[in-house]
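Chains as they are written, first to last, in our numbering: chain S, 164 to 273; chain G, -18 to 93.
These aren't lab readings, by the way, just hints derived from the structure by calculation.
By construction, the Cβ of each residue, glycine as well, lies at the ideal position given by its N, Cα and C atoms.
One thing to keep in mind: the hints can contain errors.
Unchecked claim - Where chain S lies over chain G, by a calculated footprint (3+ residues, C-beta under 8 Å):
no. : segment
1   : 10 to 16
2   : 19 to 26
3   : 30 to 39
4   : 83 to 89
Unchecked claim - Dumping the calculated DSS-like pairs for lysine-lysine here, alpha-carbon to alpha-carbon at most 30 Å:
no. : chain 1 : residue 1 : chain 2 : residue 2
5   : S       : Lys220    : S       : Lys232
6   : G       : Lys52     : G       : Lys(-10)
7   : S       : Lys199    : S       : Lys272
8   : G       : Lys51     : S       : Lys260
9   : S       : Lys272    : S       : Lys214
10  : G       : Lys(-5)   : G       : Lys64
11  : S       : Lys233    : G       : Lys38
12  : G       : Lys38     : S       : Lys199
13  : S       : Lys260    : S       : Lys220
14  : G       : Lys64     : G       : Lys51
15  : S       : Lys260    : G       : Lys64
16  : G       : Lys64     : G       : Lys38
17  : G       : Lys(-10)  : S       : Lys199
18  : G       : Lys38     : G       : Lys(-10)
19  : S       : Lys233    : S       : Lys220
20  : S       : Lys272    : S       : Lys260
21  : S       : Lys214    : G       : Lys38
22  : G       : Lys(-10)  : S       : Lys260
23  : S       : Lys232    : S       : Lys272
24  : G       : Lys38     : G       : Lys52
25  : S       : Lys199    : S       : Lys220
26  : G       : Lys51     : G       : Lys38
27  : G       : Lys52     : S       : Lys199
28  : G       : Lys51     : G       : Lys(-10)
29  : S       : Lys214    : S       : Lys233
30  : S       : Lys199    : S       : Lys214
31  : G       : Lys52     : S       : Lys260
32  : S       : Lys232    : G       : Lys51
33  : S       : Lys199    : S       : Lys222
34  : S       : Lys233    : S       : Lys219
35  : S       : Lys232    : G       : Lys38
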Amino acid sequence: GQQVMQIPQYQHVQEGEDFTTYCNSSTTLSNIQWYKQRPGGHPVFLIQLVKSGEVKKQKRLTFQFGEAKKNSSLHITATQTTDVGTYFCADLWLTGKLIFGQGTTLQVKP
Amino acid sequence: DGGITQSPKYLFRKEGQNVTLSCEQNLNHDAMYWYRQDPGQGLRLIYYSQIVNDFQKGDIAEGYSVSREKKESFPLTVTSAQKNPTAFYLCASKPAGDTEAFFGQGTRLTVV
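Between the sequences and the hints, there should be enough to build the whole structure, so can you do that?
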């Protein structure tokens, strides 16, 4: 089936450094959702992007949707230890099918 | 207390036995999903259902079966045909349309 590729798989940063995860698709995405899963927990919704070129911010998190709607990114400014976890992008089809990327696991060293 | 309930949290079964994982939601959501999570492979879709009495296969449906007889319930059966069933299983639900999905706490299945 259609795949949503997410990179990198793992990222280790020093507290205070920035972090970015990228989500790419070979076909046009209907819309993109981002989720965060804390260690030992379940995924929790962060945000949804629908429009081409859309940019949304949540405090230190910035989400972007590419102009061609084939890629998206999540950028965290000045990481904190509370940012630790795995970040997933997910493609929500018009049919209701919800496909997740492989996730990027973020480790933050204090 | 509203939400999605998966039970049990941990489940052990012997190889060759079928096992059913429970997922119940009282959020009045139309859509429900089952995912399997393995280290380094993200969330892989097993089955999903948009409406009662209807469901579709996801990317890794082989060896699994589901039913959707009630809006609130979407049980997943892991059959003996599933070659590598040990994994963390997550159930999710969402309202119809461009909306967020809500996840249960997950069931960690170990087959020995």
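Structure-based check of all given hints:
no., hint, verdict
1, 10 to 16, "holds (count 3)"
2, 19 to 26, "holds (count 6)"
3, 30 to 39, "holds (count 3)"
4, 83 to 89, "holds (count 5)"
5, Lys220(S) x Lys232(S), "18 Å, holds"
6, Lys52(G) x Lys(-10)(G), "22 Å, holds"
7, Lys199(S) x Lys272(S), "18 Å, holds"
8, Lys51(G) x Lys260(S), "20 Å, holds"
9, Lys272(S) x Lys214(S), "35 Å, violated"
10, Lys(-5)(G) x Lys64(G), "13 Å, holds"
11, Lys233(S) x Lys38(G), "24 Å, holds"
12, Lys38(G) x Lys199(S), "25 Å, holds"
13, Lys260(S) x Lys220(S), "26 Å, holds"
14, Lys64(G) x Lys51(G), "29 Å, holds"
15, Lys260(S) x Lys64(G), "25 Å, holds"
16, Lys64(G) x Lys38(G), "17 Å, holds"
17, Lys(-10)(G) x Lys199(S), "20 Å, holds"
18, Lys38(G) x Lys(-10)(G), "24 Å, holds"
19, Lys233(S) x Lys220(S), "20 Å, holds"
20, Lys272(S) x Lys260(S), "36 Å, violated"
21, Lys214(S) x Lys38(G), "28 Å, holds"
22, Lys(-10)(G) x Lys260(S), "25 Å, holds"
23, Lys232(S) x Lys272(S), "33 Å, violated"
24, Lys38(G) x Lys52(G), "18 Å, holds"
25, Lys199(S) x Lys220(S), "15 Å, holds"
26, Lys51(G) x Lys38(G), "18 Å, holds"
27, Lys52(G) x Lys199(S), "27 Å, holds"
28, Lys51(G) x Lys(-10)(G), "22 Å, holds"
29, Lys214(S) x Lys233(S), "11 Å, holds"
30, Lys199(S) x Lys214(S), "21 Å, holds"
31, Lys52(G) x Lys260(S), "17 Å, holds"
32, Lys232(S) x Lys51(G), "36 Å, violated"
33, Lys199(S) x Lys222(S), "15 Å, holds"
34, Lys233(S) x Lys219(S), "17 Å, holds"
35, Lys232(S) x Lys38(G), "26 Å, holds"
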